[in-house]
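Protein sequences, first through last, are from chains A and B.
Converting from the first sequence to our numbering requires adding 363 to each position, the first position being numbered 1.
235 is the number that our numbering gives to position 236 of the second sequence; each next residue is one higher, with no gaps.
There could be a bad hint or two in this list.
[To be verified] In silico DSSO-like cross-links for lysine-lysine, where the CA-CA straight-line distance does not exceed 27 Å:
hint, chain 1, residue 1, chain 2, residue 2
1, A, LYS464, B, LYS213
2, B, LYS139, A, LYS464
3, A, LYS464, B, LYS144
4, B, LYS183, A, LYS543
5, B, LYS225, B, LYS144
6, A, LYS464, B, LYS183
7, B, LYS144, B, LYS173
8, A, LYS464, B, LYS70
9, B, LYS150, A, LYS464
10, A, LYS464, B, LYS173
[Claimed, not checked] Covered by chain B, according to a simulated footprint, are these stretches of chain A (three or more residues, beta-carbon under 8 Å):
hint, region
11, 408 to 419
12, 449 to 458
13, 533 to 547
[As the list claims (entries may be wrong)] If you anchor each label on the Cβ, the simulated ranges turn out as follows:
hint, chain 1, residue 1, chain 2, residue 2, range
14, B, SER270, A, ALA429, 55 to 61 Å
15, B, GLY142, A, ALA429, 49 to 55 Å
16, A, GLU382, B, PRO241, 35 to 41 Å
17, A, THR470, B, ALA298, 45 to 51 Å
18, B, ASP148, A, GLY393, 55 to 61 Å
I should point out that these hints are in silico values taken from the structure, not numbers from a laboratory.
Note that the structure is a prediction, hence the values are computed from the model and not measured.
All residues carry an ideal CB built from backbone N, CA and C; glycine is no exception.
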Amino acid sequence: MNYNWDWSVFFREVPSGGETYIDWLLSGLGWTLAVAAAAWLIAFVLGSMLGVLRTLPNRVLSGIAATYVEIFRNIPLLVQLFVWFYVVPELLPRELGNAIKQMDPTTSQFLTAFVCLGLFTAARVCEQVRAGIESLARGQKNAALAVGLTLRQTYRYVLLPMAFRVIVPPMTSEFLNIFKNSAVALTVGLLELTAQTRQITEYTAQTFEAFIVTTVLYLMITMIVILAMRWVEKRTRVPGYIGTN
Amino acid sequence: MLNLVRASMAALFCATLTASPFALAQELPATLKKIKDSGTITLGHRESSIPFSYYDDKQQVVGYSHELALKIVDAVKRELKMPNLQVKLNPVTSQTRIPLMQNGTIDLECGSTTNNTERQRQVAFSNSIFQIGTRLLTRKDSGVKDFADLKGRNVVTTAGTTSERLIRKMNEEKNMGMNVISAKDHGDAFLMLESGRAAAFMMDDALLFGEIAKARKPGDWAVVGKPQSFEAYGCMLRKDDPQFKKVVDAALADLMKSGQINKIYAKWFTSPVPPKGLNLDFPMSPELQALFKNPNDKAIE
């Protein structure tokens, strides 16, 4: 393969001037982190609530949570983003729809991307939380109720503190996925890390340099997440449960 | 923890290894020899660059550039005295076309690829086959007549294109307060325009006419504004392959000088084209006429 390597490409000034391609990568990295972090907030809070709902003895409530999960888990992420960005504004009242469409484009792209990614991941977090709660011995819940705790207290003081500690490993995977999935934001025009990489490729024709550096950047993000979650795992380890050596 | 660090070091090491020139030093044989030995020539084509290279309603590759590519294949058949040369078609995108050319997957790409100096570092270009100007597509009733009317409005363009650089620069220099949206491809950019997220779409004029041809209501749209730049499209081939380039260039120069090119131009730009049978009505510009009179492979910068 006759490829012309040139690692100095990142230090070249971009055509519009005033910055180098490194600045593009860093700004892309910033958006990737912002989308992923904001989406995780939604996913964790909403997912935990839905996960609890799914295990409640109330049919209606658990039904609502189950429906949510089936809808958001079964529609491809790309399609969901497309629906939020292009279809939803058309369904709203005309003025509201137009207001959304005339918003500053970067703001509307960012909002759509993290809300969509957050809602999608919430369905997955919900299932992890439910699995965590259901993995606990049934005796724990019964015992808590038998000593006179209300259902709310049973969840708050007995079930959830255990469940959240049990599901740290699978939650690590979800947290990693949210960083990688954030690349879908490029389809609505947000210039996150992958989009900037493609853009550098288009401008400089140095495809491999751009993608190698970006791969390393994603690797670094995920590595940091893994290390942080390992620490959490160690701190919250339940003696005698999974994850203890 | 230690394992993790070790694993990441190993991954990084592999990445650097691939990146070293030695691992890739294996040279490909010259294109003509490769075509002769394999009995096939592989053409890279686009999937939706109307009217240059795209799928028609029967999922066949058609278009102005594709027709020129087939003429070049005829010349290669004559050159190698191989009338039964097989033609393989390989779809490419703007991201994949250069790597696929370099690693030998495709031998020739005729689509809507601009010949510029950055790309010349990686690949070679034939005699130019087309010339475009960068203009605006807008809804007829939008009130946009030229670039000056875009003050304070949303403008969409396709990421990574010359149009994107120009519009961002214009925005800064003239303080126009536009919001520039970079869509991932032409189709998405048009969707943003159609759904009202942007007042205008800046792009190569020929591609804008192509978008109109695909639109649900072609009558609603117009291409306006003074061209902000001109670009030459060329067929792309591997670098440092003078024999193959000579065959390609000669085939194109023949078409241009013999006047055959005018017929091909008329077929794709001033007559109804698939998939909707719409006429792009895009008369030949003086710049293009000059190019056909005097074929050359120069980039316009």
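Handout entry: Restraint check for LYS183/B with LYS543/A, where alpha carbons must lie at most 27 Å apart
Key = 18 Å, holds
Practice task
With a cut-off of 27 Å on the C-alpha distance, tell me whether LYS464/A and LYS173/B pass.
Solution key: 25 Å, holds
Exercise for the section: For the pair we were handed, LYS225/B and LYS144/B, check the Cα-Cα distance against 27 Å. Expected result: Status holds; Cα separation ~9 Å.
Handout entry: Given coverage of the region 449 to 458 of chain A by chain B, tested with a Cβ cutoff of 8 Å and a minimum of 3 residues
Key = Result for this restraint: holds, n = 3.
Exercise for the section: Take the C-beta atom of ASP148/B and the C-beta atom of GLY393/A, compute their distance, and say whether it sits inside 55 to 61 Å. Expected result: 33 Å, violated
Exercise for the section: For the range 45 to 51 Å, tell me whether the beta carbons of THR470/A and ALA298/B fit it or not. Expected result: Because 37 Å falls outside the window, the suggested range is violated.
Handout entry: Agreement of LYS139/B and LYS464/A with the hint, judged by alpha carbon distance not exceeding 27 Å
Key = Between LYS139/B and LYS464/A the Cα gap is close to 19 Å, so the pair holds against 27 Å.
Practice task
Take a quick look at whether LYS464/A and LYS213/B sit within 27 Å of each other, Cα to Cα.
Solution key: Distance of about 23 Å is within 27 Å: holds.
Handout entry: Agreement of LYS464/A and LYS144/B with the hint, judged by alpha carbon distance not exceeding 27 Å
Key = 22 Å, holds
Exercise for the section: Examine the region 408 to 419 of chain A: at least three residues should have C-beta closer than 8 Å to a C-beta of chain B. Expected result: violated (count 0)
Handout entry: Assertion that chain B covers the region 533 to 547 of chain A - criterion: three or more residues, beta-carbon distance below 8 Å
Key = n = 0 at 8 Å, threshold three: violated.
Handout entry: Consistency of beta-carbon spacing, PRO241/B to GLU382/A, with hint 35 to 41 Å
Key = The hint (35 to 41 Å, Cβ to Cβ) holds, given that GLU382/A and PRO241/B are roughly 38 Å apart.
Checked against the numbered hints above, the structure breaks hints 8, 11, 13, 17 and 18 and satisfies the rest.
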